[in-house]
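Colleague: Sequence:
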Amino acid sequence: MKFSQLEFKRSVLSKDKVFNEDQPFIDFIIDGISLSELLGDTSDPLTIYGWGINKKFELSYAERLINFKKSDFANGLQTAYVCRCCGDEGCGAVMFDIINHGAYVEWNNFVYSNGYPTNEEPINIQPVFFEIGGYHRAIGQLKSLIK
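Quick note: the sequence shown uses the working numbering, first residue 1, plus one each step.
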């Protein structure tokens with residue numbers, strides 16, 4: 001099993017014909033590559049982190065990445081990327097499962113979903129594994145970028 005390196009990086013989703021402003025966010029970086037690139041064609045490669053509108057909300061989502069509990073969504077998955085317009089998973093989001101194996105963490109079952117298990121489109125990507133210490137440091141980095 002190969003362990004990957006998780007980091008977080010400030011990024012910007014550039015304005016386009018519909019959106020008049022650039023949208024800042026904090027992106028997932030795995031082994032130096034944006035998770036959106038690893039996933040392939042994601043229509044909105046925008047995370048819920050780094051918007052700066054509601055830092056308490058962002059920190060609560062960061063906490064979900066490390067507490068290893070199922071999310072409140074019907075499918076129990078965590079959120080990677082959300083709708084660019086509103087940030088709502090209900091519009092459709094890239095979601096994934098997190099499993100704590102003790103010495104390492106696994107991200108798997110990547111899907112495009114609105115949070116309901118009956119409405120999921122699998123994304124063809126292999127599970128990603130992180131050594132637990134490096135994973136904790138990365139989530140700490142995310143939290144410091146949010147604050």
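Any given hint could be a false lead.
What the hints assert, rightly or not - Pairwise CB distance ranges, derived in the manner of DEER restraints: (1) LYS147 with PRO122: 15 to 25 Å; (2) ILE53 with LYS2: 19 to 29 Å; (3) THR118 with LYS2: 31 to 41 Å; (4) ALA103 with PRO24: 16 to 26 Å.
As the list claims (entries may be wrong) - Calculated pairs, EDC-like style, for lysine to aspartate or glutamate (alpha carbon to alpha carbon, straight line, at most 16 Å): (5) LYS56 with GLU37; (6) LYS143 with GLU7; (7) LYS2 with GLU106.
Calculated directly from the structure, the hints in this document are not laboratory data. We put the beta carbon where it would ideally sit given N, CA and C, even for glycine.
Colleague: Now look at each hint and say whether the structure bears it out.
Modeller: Do the hints match the structure? See the list:
1. LYS147 with PRO122: 15 to 25 Å: violated (35 Å)
2. ILE53 with LYS2: 19 to 29 Å: violated (37 Å)
3. THR118 with LYS2: 31 to 41 Å: holds (33 Å)
4. ALA103 with PRO24: 16 to 26 Å: violated (35 Å)
5. LYS56 with GLU37: violated (28 Å)
6. LYS143 with GLU7: Answer holds: LYS143 to GLU7 is near 11 Å, not above 16 Å.
7. LYS2 with GLU106: holds (11 Å)
Hints 1, 2, 4 and 5, counting from the list given before, are not met by this structure.
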